[in-house]
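Student: Work out the full structure, taking the sequences as your base and the hints as a guide.
If you read the sequences in order, they're chains A and B.
Oh and the first sequence: position 64 is 73 in the working numbering, straight run, nothing missing.
Oh and the second sequence: position 157 is 196 in the working numbering, straight run, nothing missing.
These aren't lab readings, by the way, just hints derived from the structure by calculation.
Yeah, the Cβ is synthetic: ideal placement off N, Cα and C, and Gly gets one too.
Hints should not be assumed to be uniformly reliable.
[Said to hold, decoys possible] BS3-like cross-link-like pairs, simulated, lysine-lysine; straight-line CA separation at most 30 Å:
id, chain 1, residue 1, chain 2, residue 2
1, B, Lys125, B, Lys403
2, B, Lys52, A, Lys237
3, A, Lys155, B, Lys403
4, B, Lys276, A, Lys45
5, A, Lys204, A, Lys104
6, B, Lys122, B, Lys403
7, A, Lys344, B, Lys122
8, B, Lys125, A, Lys155
9, B, Lys276, A, Lys155
[What the hints assert, rightly or not] Non-contacting residues of chain B with respect to chain A, defined by C-beta distances greater than 10 Å in every case (computed):
id, residue
10, Val55
11, His129
12, Ile134
13, Leu150
14, Phe175
15, Arg236
16, Ser237
17, Glu266
18, Asp308
19, Ile313
20, Asp314
[Claimed, not checked] Label pairs and their computed distance ranges (CB to CB):
id, chain 1, residue 1, chain 2, residue 2, range
21, B, Cys114, A, Ile331, 46 to 54 Å
22, B, Ser50, A, Lys237, 19 to 27 Å
23, A, Gln343, B, Ala154, 47 to 55 Å
24, A, Arg153, B, Ser50, 16 to 24 Å
25, B, Lys122, A, Leu210, 38 to 46 Å
26, A, Arg239, B, Asn302, 21 to 29 Å
27, B, Asn302, A, Ser109, 52 to 60 Å
28, B, Thr375, A, Gln343, 53 to 61 Å
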Amino acid sequence: MNRKTFLIFTMPSFMMMVFFIAIPLFLVFFQSFHFKQDILEIVEREKCDPFGCKTEILKVPVLDEKGNRTKINIWVGWQNYKNILQFEELNSIIKNNGYSWSAIQSIDFYQALRFTITFTFITLPFVLFFGMCLALCVNNLVNRLKGPVIFITLLPFIITPVIGSLSIKWLFIGDGIVTSLLEYILDKDIAVFAKAWSIELLVLFYRIWHTTPFAFVIFYAALQTVDKDRIEAAFVDGANRFQRLRYIVIPHIMPLIVFVTLIHLMDAYRVYDEIVGFGAEGFLNSLQWMTYDFLRLDDSGSRYIGRASATSMLTMIGIVIILIPVLRRVFREQKEKKN
Amino acid sequence: MESKLFNLSISLKVIVGISIILWAFIALFPLLWVFIMSIKLPIDSFASNPLNVIIGPNTLKQVGGLSFINLIFLCFSIYIYFKFFKSRKHSFLKINNLTNNKLISFLLLVLIFIALFLVLFLFFNTHIANFLNNIFEYIPFLKILSKPLIGFTTQHFVAVWSENEFYIQFLNTALVTLGVVSISLTVGTLAGYALSRSSSVIAFWLLVAALVFRALPHSVLVTGYLELFIDYGLYGKKIAVIILLVAINQPFTIWMLRSFFMNIPQDLDEAAQIDGCNPFQAFWMVIMPLMWPGVITTGLFSFLLAYNDYLVCALLLDGQSQTMVPAIMQYFNMETTMTDLVESIAAAASITLPLFILVMFFQKQIVSGLTQGSVKG
Numbered sequence: 010m011n012r013k014t015f016l017i018f019t020m021p022s023f024m025m026m027v028f029f030i031a032i033p034l035f036l037v038f039f040q041s042f043h044f045k046q047d048i049l050e051i052v053e054r055e056k057c058d059p060f061g062c063k064t065e066i067l068k069v070p071v072l073d074e075k076g077n078r079t080k081i082n083i084w085v086g087w088q089n090y091k092n093i094l095q096f097e098e099l100n101s102i103i104k105n106n107g108y109s110w111s112a113i114q115s116i117d118f119y120q121a122l123r124f125t126i127t128f129t130f131i132t133l134p135f136v137l138f139f140g141m142c143l144a145l146c147v148n149n150l151v152n153r154l155k156g157p158v159i160f161i162t163l164l165p166f167i168i169t170p171v172i173g174s175l176s177i178k179w180l181f182i183g184d185g186i187v188t189s190l191l192e193y194i195l196d197k198d199i200a201v202f203a204k205a206w207s208i209e210l211l212v213l214f215y216r217i218w219h220t221t222p223f224a225f226v227i228f229y230a231a232l233q234t235v236d237k238d239r240i241e242a243a244f245v246d247g248a249n250r251f252q253r254l255r256y257i258v259i260p261h262i263m264p265l266i267v268f269v270t271l272i273h274l275m276d277a278y279r280v281y282d283e284i285v286g287f288g289a290e291g292f293l294n295s296l297q298w299m300t301y302d303f304l305r306l307d308d309s310g311s312r313y314i315g316r317a318s319a320t321s322m323l324t325m326i327g328i329v330i331i332l333i334p335v336l337r338r339v340f341r342e343q344k345e346k347k348n
Numbered sequence: 040m041e042s043k044l045f046n047l048s049i050s051l052k053v054i055v056g057i058s059i060i061l062w063a064f065i066a067l068f069p070l071l072w073v074f075i076m077s078i079k080l081p082i083d084s085f086a087s088n089p090l091n092v093i094i095g096p097n098t099l100k101q102v103g104g105l106s107f108i109n110l111i112f113l114c115f116s117i118y119i120y121f122k123f124f125k126s127r128k129h130s131f132l133k134i135n136n137l138t139n140n141k142l143i144s145f146l147l148l149v150l151i152f153i154a155l156f157l158v159l160f161l162f163f164n165t166h167i168a169n170f171l172n173n174i175f176e177y178i179p180f181l182k183i184l185s186k187p188l189i190g191f192t193t194q195h196f197v198a199v200w201s202e203n204e205f206y207i208q209f210l211n212t213a214l215v216t217l218g219v220v221s222i223s224l225t226v227g228t229l230a231g232y233a234l235s236r237s238s239s240v241i242a243f244w245l246l247v248a249a250l251v252f253r254a255l256p257h258s259v260l261v262t263g264y265l266e267l268f269i270d271y272g273l274y275g276k277k278i279a280v281i282i283l284l285v286a287i288n289q290p291f292t293i294w295m296l297r298s299f300f301m302n303i304p305q306d307l308d309e310a311a312q313i314d315g316c317n318p319f320q321a322f323w324m325v326i327m328p329l330m331w332p333g334v335i336t337t338g339l340f341s342f343l344l345a346y347n348d349y350l351v352c353a354l355l356l357d358g359q360s361q362t363m364v365p366a367i368m369q370y371f372n373m374e375t376t377m378t379d380l381v382e383s384i385a386a387a388a389s390i391t392l393p394l395f396i397l398v399m400f401f402q403k404q405i406v407s408g409l410t411q412g413s414v415k416g
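Tutor: Below, the structure is given as structure tokens:
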């Protein structure tokens, strides 16, 4: 394929990515140094009804000659970042309490950072382990049962994340059946949605439940490609089942374990739907949730685009750190190809 | 020798069996429970005794329920549906012989499935079963067959879909997903094809860039354009959501389509070009007919992304233009009574049902799509 046809074919997709991914990234970068808001003025308005008149105090956007809302858009430098990172408050907390995590987490950003990172790295080993176990189990199943089991397994993965977390929430909320079962067994009152740690546990459980099928499908497909002769040879040499798994199967599917890890890190890092679904925003928040929260209309009808941009930029630092090892590997391979 | 080697000992067999059953239970239970709760009155839905939720004594008393006859009818219709589903390839070929057009016969098959569903579950299971129930009630010994056993009410579904006009949200979701799937496939196949046939430096960089973009949190992309969309009156318009979702989906789409295209031997395009096709003709007339499995699989994942999206829709759509998933959350947050809560559960069940059917139909494609991306990527 010559260069011209290549360019024509890739142009629409390339344009799409430039206009709606690359340019927004630059916009976010610039916006993060700006403060943008509708100018509001406080107006006293007299409101009359048949029972008499009242004066109301309203916040109304100021309109220009054309009837559009006037906006301020000023350069504020690092102010947005300072508002989010709150170094002064952090300093005073550290001075008063020492380096205690629970105190530092009273600042939203550090709480979000802590949650996002622990969430990403705690779910990872569970997803890999359960996915692997499930793949090994299904691989040893009778052929007739494989189809239905894969069908059931795919459901948690395919389900809308918000709905999936809602469905688990309904098992636990108030006197949901799992809560009442636990209360019956432990013989004490349990309120899952009253404590941050119990909600966090549920959120972790949900993500493991949701992603294990993905790991399973990949590992299961990989298990089909393991060389049977090598396993037989190992058997003849006296390797037991565990040794065969450890020294032949796992090394064979290692690239796919790396692949699942990478995808899981990317996806878990932008944890968001669970917080919506579980209604956990009072107790937990994640980096992506923070951005969303700034972008929503607040009570006075304004959005904090600048702060949202600043959180986005900070979030992306994490993405870059996750991607660095991958990119380094890709570049090394490309270089080897060239030589 | 081989069979001996790969057979498990009894104890391992037991462990495998138990873990599979346990997993199936954990995977299925929350979803099934949603369905069970949605067909009961609020008192039963939130009863703390699981048996009360399943049988629903209060629902039985106040509304009625399914009798033995109903249950048999239900099992029978599910059986027929599955039977018909299993023969789908056969029926497809039969229809194809009549129409000679793959697309039309595919659409016909889908229509038949929908019609069968409606006939079985909206007519056969309700009117005819109730008719039988009424007859059996007058026969002394068979009376017991028509006695309601399990509490059942569709009132929450009716309330959600007609009183609360959930169909508006359903149509919005349908439009958004349709737009996202069609645009991202059109744009993606072209790029995926070109990328699979080129080993140039630009192709390499494009793929790396796509990988990086794949990792970006979706909120970042919304942040960039939210202000502009609001200023230019695109807020609340579905087109804005469609474009953003297509862009978010694009990196994934081109990676997956590329790996599908790589399975098609390059000799084919060369042969086509020798026969006098230009590159576009070769792509459209020779390669694309072989690509339908890949296109369907990628389309499925685009569909899932658009259908499951909360963040973009919640930020860019409002009120009447809202899609189903954000709408149900607003519903859920507004809820004041137990009835409202069960209605939102019914709405959740309605959102889940299409996904159930999707997995049933396209299980093979989903699995192949997931593994395709990993083995080649």
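Student: Please name the hints from earlier in the document that this structure breaks, with their numbers sorted from lowest to highest.
Tutor: 7, 9, 10, 15, 16, 17, 18
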